[in-house]
Amino acid sequence: MAESKKKVKKKSVDFILLITTISLVFIGIVMVFSSSWPEAMENHGDGYYFLKKQLISATIGFISMMLAMNINYHYYKKFAIPIYLLALLSGALIFTPLGVEIKGATRWLNLGFTTFMPSDAIKLGSIMFFANFLANKKEKIGTFIQGTIPALLIIGLSCILILEQPDLGTTVTLAATLIAMFFIGGAKLRYLLGMGVGAGFFLVYAITSEGNEYRMERWTTFLDPFSDKLDSGWQIVQSLYALGSGGIFGLGLGKSRQKFFYIPEAYNDFIFSIIGEELGLLGTLSVLFLFFILIWRGVVIALKTEDLFGCYLASGITALIAIQSLINIAVVTSSIPTTGITLPFISSGGTSLLFYMASVGILLNISRYTK
Amino acid sequence: MRTPNKSIKNRLRFALGVIVLIVAFLTWKLFYIQVYKNDELQKGALEQWTKGIDIKSDRGVIYDRNGKKLAVNIPAYTVWATPADIKDPELVAKEIADLLLMDENEVLEKLKKDVSTEKIKQWITREEALELRKLSIRGITLVDDSKRYYPYENFASYILGFTDIDNNGLDGIENTYDKYLAGVPGKIVKTTDAANRQMPYDGEKIHDPQSGLSLVLTIDETIQHFAEKAANQALLDTKAKNVSILVMDPITGDLLAMANKPDYNPNTPREPLTDAQRREWENIPADQLPNKWYEVWRNFAISDVYEPGSTFKVVTAAAALEEGSANLDTHYYCNGTVKINGVELKCANWYNPHKDQTFAESINNSCNVAFVNMGRNLGKEHMLEYIKAFGFGEKTGINLLGEQGGIIPANTDVIKEINLATLSYGHGIAVTPLQMLNMFSTIANGGNLMEVRLVKELIDEEGNIVKSFEPTIRTKVLSEKTSNTMLNLLEGVVKDGTGRKAYIPGYRVGGKTGTALKIVDGRYAPGKYIASFGAIAPVDDPRIAVLVVIDEPVGVYYGGTIAGPVVQNVVEDTLNYLEVRPKFTEEEGELLKENIIVPDVRNHKINEAGKILSDLGLRYTTEYQNITVDSIIKDQFPLPGAEVINGSIIDLYLNERPSLITMPDLMGKTREEVSQILDELDLQYTFNGAGKVINQNPEAGENLNKDTNIVIELSEG
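Same order as they appear, the protein sequences are chains C and Y. Per the numbering used here, the very first residue in the first sequence carries number 1; after that it's consecutive. Per the numbering used here, the very first residue in the second sequence carries number 1; after that it's consecutive.
Derived from the structure by calculation, the hints contain no laboratory data. Ideal Cβ positions, reconstructed from N, Cα and C, are used throughout, including at glycine. Warning: the hint list may mix true and false statements.
[Stated by the list, open to error] Below, a sample of chain C positions facing chain Y; criterion: calculated Cβ distance under 8 Å:
1. L86
2. A180
3. G246
4. G254
5. R257
6. L285
7. F292
8. T305
9. L326
10. I329
[Unchecked claim] Stretch-level coverage of chain Y by chain C, calculated; a stretch enters the list once three of its residues show a Cβ under 8 Å from a Cβ in chain C:
11. 10 to 22
12. 27 to 33
13. 39 to 52
Sequences are here, hints too, so could you generate the full structure?
In C-alpha cells:
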C-alpha cells in the first residue's frame, strides 16, 4: 500500500469542478437573498436574515470544502465504520428530546447554538460506508448471499432512520444513490431488477398506506395540478406560474412576484422556479447545465480513479448530487410528483450546504489521485 | 491495489448516459414551460397578482326631445375595504359602524373576509364621506360613485324603466339601451401578494372609466305631462284597472308620450305608490312580492293585447276604400241584426236600427251591420292583407321590453264567413295599444306605416351626435287619396257621430271610438270592458295621433263616453302647446251662441227619449248594458230646463242617480282619522304629505257623489 501510494503523484485538483461548485454556491447566495426577502421582512423584520445565514453557511461550507480537498480520502476508508455509526447515531438522536418537530416531521436536531440536519450526515456516512463495503467485497458483489443480501441490509439500515422522520423524498434520494453505487459496483442485473420491483412495491405501499394520505394526494395532484390549484395543487401551480411568467429572459433579478408568499418558503425546495421567474429560461438552463458539468466531472473523476474505494466514493457522491438536483428540478417543472427535497448548493439550509460542499471537497481530493 | 475494472467503467459511462437523457428531458420540459406555455402561465400568474377595484363609468343622461333631463346621475360614495391592509379590524369596525350607522359585527365580518376587496357600504352621504375622509383609515377606500335619479319621479316610468344598485338597466329604455348608456367602467389595478397586500412594484394603475352615451328621446316632456295628468284623472273618474294614453307624431312615427296609470316611481320601483297598494302589499308574503312588482312594471301599452272593437272599423273602411270595394256613395241598410250561418250578430243600437245609411253615416253610427257587409264585399284575402299591412300581428319594434305582437288570423283559410264578419268590426283579433296608435298614424300621414321611433339620437358628453335614428317608412299601406278621405270621415265621427265627446270647437279632430268585452283566459269576461278612442288632429294638417285605452272601467264603459273627454283634454292641451291656433268655422261660431233648453225625458221609454233628444239636436248616452226597448229613463243629467249648446250629450239613467253626500269638515284631523271618516262614507280620496290636514278639496259642505275624488293636503307636505 505504502509503495503504491508513493507512485501516485498528487496533482492539482479538478479546476472545472471547483469553479462549477463555487458558481452554484454563488448563484445560491444571490437567489436565497432575492427569494427570501419578503418572508424575511414579514417574519424576521430583517430582509437580510436568510442572506446572512446563507453567507455563514457558505463560508463554513467553503472551509469544509478546502479541508476535505486536502484530507487524503483514504482515511475515510479506514474510518468508514465509525463515521457510519456516528451518522446513524445522529439520526437516532432525532427521536430524543433534541429532535425539533416542524410541520409534523422531525428532521432537525437542536444543538443549542444551531440546528443540524442528521439526514445530510447519514447520506455522506452511508456513501462512505457503502463504498468501503463494495470495495472490500469486490469479487463477491454479484453473489446473492455475500453481495446482494448485505448490500440490501446496509441500504435498509441507512434509509430506515430517515424514512421514520418521516422524509420520503430524502429516503428515495439516498436509496437511489446507494442502488446506483451497487449497480456500478457490479450488482447482478437480475437482483437489481428484483430490488427495483421491491422498491416499486415499497413506494406504492408508502403512498397508499394509512396515515400517509398526503402522499397519495401529491400523486393525483401531479397528474393534474390545475384541478385543485387553490389547495393541493397550489405549490406546483405557483411553481409553473413562476417559471412560465419568467419566459426566456426573466423578469429581472430580484423582481419575482411569486416569492411574495405565492410560493411558500421560496428560498427552499422551489428556489429553482424563482430562478426561472427572475432569470428566465437562460437562468434555468444555466443552472441545469452547471449541474450537468458537475456530474460529468464527478463521473470523469470516478472513471480516472485507479483506486476502487475512490472510484466508488466518487460515484456515490456524484450520484447523490445528480439524483437530488435532478429530482428537485423534475419536481419544480412538474415532471414528477412533489417530494420535498432541496436543490443542492442553491437552496437555503446550512447543514445541506456544508455537507454538499464537503462532499465536493472529497471529490476534489480524489481528483488529485487520478491518472 | 484493487482497481476499477472495465465493467465498472462501462457501468459508470452507462449511468452518465442516463443522466444525459434526464438532463435532455428537463431541458425540453423547461422550454415547454417557459417558452411554449409562457403566455398561458403568465396570464394565470397576472390574474392572481392583479386585483382591481372597479370605477364606475358615468351613465348617460336621458333627455326628452327638447333637452329636458328625464334621468340623471347624482353623486354618491361607496366605501370599500382591503381587509389585508387593516391592522386592527375591531377598532376600524367600531369607527366605521359608528359613523355609517351600521351593525358593528357585520362590518367586522366584512373586514375579516379573505378577499382582496370588499364593499362595506354603497351610496353614503356627502357628509358621511367627508367624515370618513377625515378619519383616513388605512385599508378603507372611498370611491366616487353615482346614483341614478329620475327627477320627475313617477313620470314616463314605462319609457325610462329603472336601474339596479350597480346602475345596470333593468327595465325600459335603461335596459334596452344599456350598452350605450353604461359606458366602460374603469379600474384601479394593484399588484398584490398572496395575502392581498400591495407588492412593492408598479404601484397603483388607474384606468379611467369611459362615460356612457346620452339618449335623446322622441318623448316631449310637456306632452307626456298632459298624458300623465289625463290618464291619472281618467283612472280616478272611471275607477279603471289601467288607463293608457299614447301620443304620436304621425308624420315621423315619433312617440311623443306614453303614459300608463297606475304606475310606479322608477327611483323606488319596488315601493308601493298609493296607500291602497301599500295596504295590499303589507299582507303579501315576501316571496310573493316580486309578482306584484312585475305586475306593476308591466307596460300595458305594449305588453297587453286587447280586442279593439269598433276602433278597428277604421281598418275595414280604409281597406274597402283603397281596394274600391266600397266608395262614399255606397249605402248600407241596418235593421238591427244580421244573420251569418245561423248566428245573429247585433248592432249596438239594435233597439233603434239605423235603417239606410251612407258610407259616412255607417262610420258615424259605428254600425256593425253596415261593417259586416262592408267586410264581406272586401273579402277575407284583402281583409287579412290590410290587417298585416297596418302592422297588426307583429311587433312595432319599439325598443322596450316585453312587447307583444298581438293575435291575428294565421292565414285566410282560418277566416270563415263568421270570422270575416266579426273581424270587420274588430272582434276576433287582438292588438296592443301601440299597434292601434300606429294604425291611426298611418291613416293620418298619407298612408305610410312608420317605424315607431322612441330614441332620436345618441350624444356624447360634449353633446356631439354619435348616432341618429331617422324616421323610417315600414309599409306604404294607403294612397294619399284614401288617407284624406279617411281623415274627413273620422272628422265626421267626432262632429256628428259616436266620437262627439272629443269635439273641440276650433280644432278639426277626427277619431273613432271602440268598446269591447275583455278576454280573460281565452273567454269573454262578462262586465269587463276595454274602452278606447283613437284620434287624429287637426285633420287638415295632422300633427298628433292619440290613443286612449281604458281597461275595465267601472260603470259607464262606452269608448265614446268615457275615453272621448280624455282625448279632448289631451288633444286640446297638446295642440295649444304645439301652437296650433284654433280656427272657428262660421257654423261653430253660431252653434256656440245657440243654446238649447234640455227637455224632460224622465219616465219615457228609451227609444222615445232618444228620439226627443235627437230631434232637438242633442245626443245621449246610457251607462247600462242590459237595455231593452221597454227600459224606462229614471233620471237624466243635465236636469230639464238647463241650457246647453247644440250637440251636447245628455246622460240618461235607468236608476235613480246616486244620492249626493255632503263633504265633511276634515281640517286639523290626522291622516288616520280622515281615513276612518271617508272610508265610512265609502268615498275615494288621496293624500298629499304627512301630518295634519291643512287643506281639503272639495271644501266642507259641498255636495259630492261617490265618484268624486277628494284631495287631502297634510302639513309637512
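Here is what the structure says about each hint:
no.: 1; hint: L86; verdict: violated, 26 Å
no.: 2; hint: A180; verdict: holds, 6 Å
no.: 3; hint: G246; verdict: holds, 6 Å
no.: 4; hint: G254; verdict: violated, 10 Å
no.: 5; hint: R257; verdict: holds, 5 Å
no.: 6; hint: L285; verdict: holds, 6 Å
no.: 7; hint: F292; verdict: holds, 5 Å
no.: 8; hint: T305; verdict: holds, 7 Å
no.: 9; hint: L326; verdict: holds, 5 Å
no.: 10; hint: I329; verdict: holds, 5 Å
no.: 11; hint: 10 to 22; verdict: holds (count 8)
no.: 12; hint: 27 to 33; verdict: holds (count 5)
no.: 13; hint: 39 to 52; verdict: holds (count 8)
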